[in-house]
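> Here the structure of chain A is known, so what remains is to put chain B in place on it, guided by the hints.
Each protein sequence line maps, in turn, to chains A and B. Just so we're aligned, residue 1 is where the first sequence starts under the numbering used here, counting upward by one. Just so we're aligned, residue 1 is where the second sequence starts under the numbering used here, counting upward by one.
Be aware that a few hints might be false.
[To be verified] Short, incomplete list of chain A residues facing chain B, as computed with Cβ under 8 Å:
| no. | residue |
| --- | --- |
| 1 | A47 |
| 2 | L174 |
| 3 | E206 |
| 4 | R208 |
| 5 | F210 |
| 6 | I228 |
| 7 | Q231 |
| 8 | D253 |
Hints were generated in silico from the structure; no laboratory data involved. A quick note: this is a predicted structure, and the numbers were derived from the prediction, not measured. The C-beta atom is built at its ideal place from N, Cα and C for all residues, glycine as well.
2 protein chains.
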Amino acid sequence: MTRIGIDIRGGDHAPLVVWDGLSMALSELKSDTELHLYGLAEDAPKAPSNTKFHICAEAIEMGEHPVKAFQQKQDSSLIRGIADLAKGQTDAFASAGHSGALMVASMQILGLQEGISRPAVVSLFPRLDGGQTVVLDVGINVDLKAEQFLEFASLGASYAKAVLGINKPKIALLNTGAEESKGNILYKRAHELLKENCGGFSGNLEARDFFQSKVDVLLCDGFTGNIILKQTESFYALSKELGLNHDFLNRLDYENYGASPVMGVRAKVLLAHGASGPKAIKNMILGAESIALANFVDS
Amino acid sequence: MTRIGIDIRGGDHAPLVVWDGLSMALSELKSDTELHLYGLAEDAPKAPSNTKFHICAEAIEMGEHPVKAFQQKQDSSLIRGIADLAKGQTDAFASAGHSGALMVASMQILGLQEGISRPAVVSLFPRLDGGQTVVLDVGINVDLKAEQFLEFASLGASYAKAVLGINKPKIALLNTGAEESKGNILYKRAHELLKENCGGFSGNLEARDFFQSKVDVLLCDGFTGNIILKQTESFYALSKELGLNHDFLNRLDYENYGASPVMGVRAKVLLAHGASGPKAIKNMILGAESIALANFVDS
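Okay, chain A solo, but in the shape it has when bound (with noise of 0.2 Å):
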């Protein structure tokens, strides 16, 4: 049996559209999931008869202080969703709730695996040869030692593993140029560390080769990979408000994603964009329930 656990409360149109989003994938998930749903005692009666609803005392709003939200509302629907994963109640836990939050509820609560310092939010962008990219940090750290570079090589390696099936993914540093002089003090430290260190890697990978690229794994900060993540949303609105279709643009849309693992931590957390529509939340779901089933958390 497979647990996937759910805030209700995560979002920044919860709970309307998590209630969607979860009635979308009720008849796609495996006979063999049961969800748990944490949100307040007002959503309870609108749980599926086949659920396990968690009753919290409150929820996390998105502009509020991560440490302090995480200090003063354990009895949120976030926070409590992260325990009972930590008790092993359930296999995965997902939001699309505060990321600063339940990055520091996982931290807190679950711990970090041996060797790393900080947690890594993963990303899947689309290649034009049928794979994908797994592209990460894309947007926790946001100003990082060069080591951590070393860090990400090894989550991202691990889940393209796990999760892709590849066994000796290809990994490269984004950067702005393909020769190892290219780049910024902190971009020339990471690319020195990972020829040194990192058995697959292949160098660096310039934004220009993007979809065109073999690379399995691609490493960046997390300021610079959340800046690609959004401007790869801008191309997909860009298509469609210019009216142009192709099966790839449609590989470009977040939403047929739904959530990002969290590598890193003690147990598996997907984050799911905050403006998540109800598609979105479907595939965030059925994302948990894959991730699941996939052996890659080193706990």
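Below, chain B alone, put in the same frame as chain A:
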């Protein structure tokens, strides 16, 4: 009369594509525009009869160390072109050659404008409303101090005024979220400084709102700026590969812009993509002509 200096030996495919681009540009230039060509003796016979050819002893290759190239190759096409610009023998100089050497030569020979600590390179991004966003820096300042964002704001605003005719440009900071608290240490500090000191500052712009925005000047560090520039190129390449057609997509093609003005130095210098083809070179030359006619350098 407008006098434009052109580096015949600048670019990955020089001199061939420079000649091709030049012959494409000739018929579109204004009748009183005079071209000054800087190349090797062997190039001289190819110069059109109505141009002035300056025979140089050498060329700077793409892989050279910028400072060494500047010190050791004073009689190169790139440095001779900048030196003649400094002497007032031309009104603008354009090259698709070594960007680092061009920067060093511009700073050393032309000097910086008052209050500017480093040059910045501008790129124009198309907006869906038909306008353009002046983005800087897109490649030179990869490790910068927050104070430089104020310099970029001033350089970008004068570009928007002089070249795009926008009197009160709307200025924004590229960031990972609209809220003031978003970004890394550098961008948070830049936001504070801009808010306090920059008149037209309208706050953060997320990369997701790129094409839909009304922003006239978008500020970023040269590392991030180069990444978003190249990701835009990747999207253009992708759209061609997928067989998508739309007028707006052609506005994403860097070959239609040709060259980026180098802002902050005391004369008009344009830098084109090293990989420029004939069309990009043609537009580099036409761009140099319009920049030469615009009144934005505080020399």
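> It remains to establish, for every hint, whether it holds in the given structure.
Hint check:
{"no.": "1", "hint": "A47", "result": "violated, 32 Å"}
{"no.": "2", "hint": "L174", "result": "holds, 7 Å"}
{"no.": "3", "hint": "E206", "result": "holds, 5 Å"}
{"no.": "4", "hint": "R208", "result": "holds, 4 Å"}
{"no.": "5", "hint": "F210", "result": "holds, 4 Å"}
{"no.": "6", "hint": "I228", "result": "holds, 6 Å"}
{"no.": "7", "hint": "Q231", "result": "holds, 4 Å"}
{"no.": "8", "hint": "D253", "result": "violated, 12 Å"}
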